[in-house]
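Peer 1: Following the hints, complete the assembly by docking chain B onto the known chain A.
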Amino acid sequence: MSPVLSGVLQLTALIAALALVYRPLGDYMARVYSSEKHLRVEKLLYRTIGADPDAQMRWPAYLRGVLAFSAVGVLFLYLLQRIQGVLPDSLSLGFTAISPDQAFNTAASFVANTNWQSYSGEQAMGHAVQTLGLAVQNFVSAAVGIAVAVALVRGFARSRTGELGNFWADLVRGTVRILIPISVIGALVLVACGAIQNFAGIHEIGQLTGGTQQVGGGAVASQEVIKELGTNGGGYFNANSAHPFENPNAFSNLFEIFLILVIPFALTRTFGKLVGNVRQGYAILAAMGVIWLGFTALMMWTEYAGHGAALQEAGGAWEGKEQRFGIGASAIFATTTTLTSTGAVDSFHSSFTGLGGGITLLSMMLGEIAPGGVGSGLYGMLVMAIIAVFIAGLMVGRTPEYLGKKIGTREIKLAACYILITPTLVLGFTALSMALSSPPESILNVKGNSVDGSGAHGFSEVLYAFTSGANNNGSAFAGLNANTPWYNTTIGLAMLLGRFLPMVFVLALAGSLAEQKPVPETAGTLRTEKPLFAGLLVGAILIITGLTYFPALALGPMAEGLS
Amino acid sequence: MSTTTPVRTPSEEETHPQGSPEPGRVSGGLFDPAQLMKSLPDAFRKLDPRVMVKSPVMFVVLIGSVVTTALAVKDPGDWFGWAITVWLWLTVLFANLAEAVAEGRGKAQADTLRKAKTDTVARRLAGDAEESVPGTELRVGDLVVCEAGDIIPGDGDVVEGVASVDESAITGESAPVIRESGGDRSAVTGGTKVLSDRIVIKITTKPGETFIDRMINLVEGAARQKTPNEIALNILLASLTIVFLLAVITLQPFAIYAGAEQSMIILAALLVCLIPTTIGALLSAIGIAGMDRLVQRNVLAMSGRAVEAAGDVSTLLLDKTGTITYGNRQAAEFVPVKGTTAAEVADAAQLSSLADETPEGRSIVVLAKEKYGLRERHEGELVGAEWVPFTAQTRMSGVDVEGRKVRKGATGSVIAWVEEQGGTVAEDARKLTDDISQAGGTPLLVALEDDKGARVLGVIHLKDVVKEGMRERFDELRAMGIKTVMITGDNPLTAKAIAEEAGVDDFLAEATPEDKMALIKREQAGGKLVAMTGDGTNDAPALAQADVGVAMNTGTSAAKEAGNMVDLDSNPTKLIEIVEIGKQLLITRGALTTFSIANDVAKYFAIIPAMFAVAYPGLDKLNIMSLTSPESAILSAVIFNALIIVALVPLALKGVRYRPMSADAMLRRNLLIYGLGGLISPFIGIKIIDMLISLIPGIG
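First to last, the sequence lines map onto chains A and B.
Sequence positions in the first sequence follow full-length UniProt numbering and run 1 to 563.
Sequence positions in the second sequence follow full-length UniProt numbering and run 1 to 700.
Bound conformation, chain A alone (with noise of 0.2 Å):
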């Protein structure tokens, strides 16, 4: 079988799975989010934290809760990696404490969704940090991420009220009725296709060049479900879904990229269910699809086709891909964990060919919502939508209205601060970064030195590594020493940023929302349930992350993928 054909049928196979469940997991989660009941276990969690979950929250109660939440997070993943070095051995495995710039890092990371790692996950952190610190953390931001996109369709379907439900019983129901039953099915898959999970030591075995080398064992297969299910990302080990132990054959590799994008597409279903409209959030699935498959496709034509002699000869472009996947699978996992806010990598973005390497960069710049992480996906997507309708709405000659709610001054105000984010963090921080005398020290790919000698791949390393941290994706083009304390700081306050500051405008976009009187539909009102929105609101988001990056991907993978 040709390459291409096998990576076309990889690609038929992952569409056809996640047709198979979008539809039932869809259905579920809107159940699980407008059910009445508690389960026994929930009960016992609320009794735990003294939250009432039938409380209604307005919207700054609710971002109080997703703040208070998160920021306990931070201090508490922050400390367990500060006192590593005094925890038991059988926990610690022997390893020291990790310095202040990089567990503040790592625990803004982890709990921003993100898993941006400027260290390496078996050198630096041992059983304690991993199961207890990072593994519990990828499982509820997880679950803040859907909260908050479930508070934001409440918004949408309630009217004359203010209030979008209860963050506790969102947060609870999410990992308990959600995450973990997935999860638990998952592991056993990984495991079944030999994914390691354990909390063996590490073993000393000999090389056959004669050397030593050191494994480390791990519950693997637990946490590598939800790196990919949570859009997580952060893997156990340094190589990520590279490494046998996490990632261990061609099936299993499929199996995760099901698992990174099952959540994100099903979400939109929940949102029509929710709204009650299931076309709404079929034009959503629609535009994500596109978007999705129409980068996956150009991804795969660039590394396939290659370029020069070379590349060409070995039958594309190989270099930094594991053979055991082949370019068409690993052309669809760059995509696909970098269109979502995952980052786990089966192959090492800075080795793919400089379009491809901008591919990549250009689908995090997207602001990561086709399909988006759990959760933030979809509100990203709403929050594009709003912006689509509120432009294209005039057109149709009315105050433009989604979903039946007006979007006026105040929405707009507030989509508008949301969109202005990202850019900022991105573009402030790469630009303070150039700028600086030091921080370019940690570019391995400098000019003259490099793989096209320019220095437009070192400058694509840093661009890359603050469009990863503010967009929360958290994978690496490597070739940057991140583990620097400006790095750590300013990624880290990225990563904090980036996942914060837009919520608290979702949230009260959802709460402005929620307030207002529902206007009825009628044969004037713009159809945001047709084709021709989501193909509106797929150029609109093309054109507008375009302008806003087109000159830093001019110097950086265009110049490079270009020559």
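Any given hint could turn out to be false.
30 Å max Cα-Cα, derived BS3-like pairs, lysine-lysine [claimed, not checked]:
| # | chain 1 | residue 1 | chain 2 | residue 2 |
| --- | --- | --- | --- | --- |
| 1 | B | Lys528 | A | Lys530 |
| 2 | A | Lys517 | B | Lys521 |
| 3 | B | Lys54 | A | Lys413 |
| 4 | B | Lys226 | B | Lys107 |
| 5 | A | Lys413 | B | Lys226 |
| 6 | B | Lys528 | A | Lys413 |
Hints in this document: simulated from the structure, not taken from any laboratory.
Please read all numbers here as calculations on a predicted model, not as lab measurements.
Peer 2: For chain B alone, kept in the frame of chain A given last:
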């Protein structure tokens, strides 16, 4: 509820039905290129930073122009710096020009109004005595006297007398109107002229706040405030401006790292090209022009908010009389009872109506002539005719002539008369009249007494005639998602029949002001925006409650005060046009915003290769327009960016062509023209400009 009674002959209405639909009927508004020159001084005046800051986008361009000017002065030998500087200033100037032109059209109108507001001397009543005071000294509650030839000194209500008044100063309509005390035609406007008789007016408005003062302010744009949607759009444009500011500012460190540091002039040029200058420059002109389009149709909107709301209206309350029907019942058919013919009925009906000067009576004569070829007989031809006039007691009229007695009138009265004369009443007479009543018409029974005795001949079917083209108009409104509700004082049966004939979606029969108010509130509770017209004092609460309340100029001052628009022509059908103008305003804004943003793509393809193709030769592949040189590429983009503003001024003033159609069809059409067009046109435009300027020696 009153019915509006414009002092116009009905025939005029009939020959020019107000509701005839024609495509593109709100696309009016002329654009005179000479206006550009006239408005130039104003455009310069608007360069004041305190004025400019109101438009964030253009303010950024202004700052960019100042910066490039300073740089050009520092390095006077650099032709490129000067060229960019000049074009940036032109960009700002063009934006100001667009606004000035839009305002200029209103100013001309204001000047005409000011002439009408010449200082008048009022004849104020103090007790029984009369004193002369300047019009500006009148206070609310003062009584003034006006006689033929006097200019009415201020807004007020007629409390005594009746007069014909020339209101052409305000309405442009030369036919005089009647103003009388009491009722719904009591309001008079300061600045209008009494043509006959004597009236006493009670002043209701303070000087300086009169209708004419407000009108001047409105058309001049002095009272213009940004509308909610305009504010929202401004916020979006401001945030896009910030994004592009960020993209340009952060570009410099990236460029330095790439070894291609850029001059401030090029960065300023890039910034101005990227920020949405097209819509930023035209936004306020679009708003002013929207108000102006209403003024040209003789509608005064008290706020831009009302115009915007008009576009959103989803329920229209339309008065039956004057809007949907001509307002007079007219003979539609002669129905014979068994044993007679229609021609006989027509003949008798015509005979009985010859002296009947009511519109109904005249319509009977007309119908008899049109349908049965009965020549109109003049009263003089009928020697010895004895006319029986209609009275409220007899409820019949008729004529006794040449031994024949003809009567027509209400069913009961005519039957009673026939029986009184010892005649026979056909069995089906009552059924025929009932049928007509049920169909919403008014039956008039016709009876004759001659040598064969007294008998009922048949029935004249009088009905309210629906204006031509109304059904089509309501169909269009339905396609636009607007529900029409007919308001009438008629009984439900009659109302239903007319509603069906006219094609309205719903009707409110036997409507009281309270019913109307309740209907509006009910619709609004469902999230709908309601528009209505009204003129009577008892309409005032409903006018105030409606989202768009259009008061008729013939109406009372209470009604005019309550509504947010005044129709100087007092033509209720205009409500439909007002809705269309509101929609057109929003569409124009959206279309130009889309165009403006789509434009940017091409500018990047012009400027980015020009900036960086030296450092990274690969980027020259982005120069898909193959522009001559880096300088010509950047300059062409800047020139295109400036010229497109001027090119779109006519569109901003006239508004995007609007035709009633579904939202889907409209979106597809406008996306194609302004989205795709906006994407492609700058590629062509910039290429052409580049080809032209490359001809200049030293550039190519």
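Peer 1: Taking the numbered hints from earlier one at a time, note which ones the structure violates and give those numbers from smallest to largest.
Peer 2: Those not satisfied: there are none.
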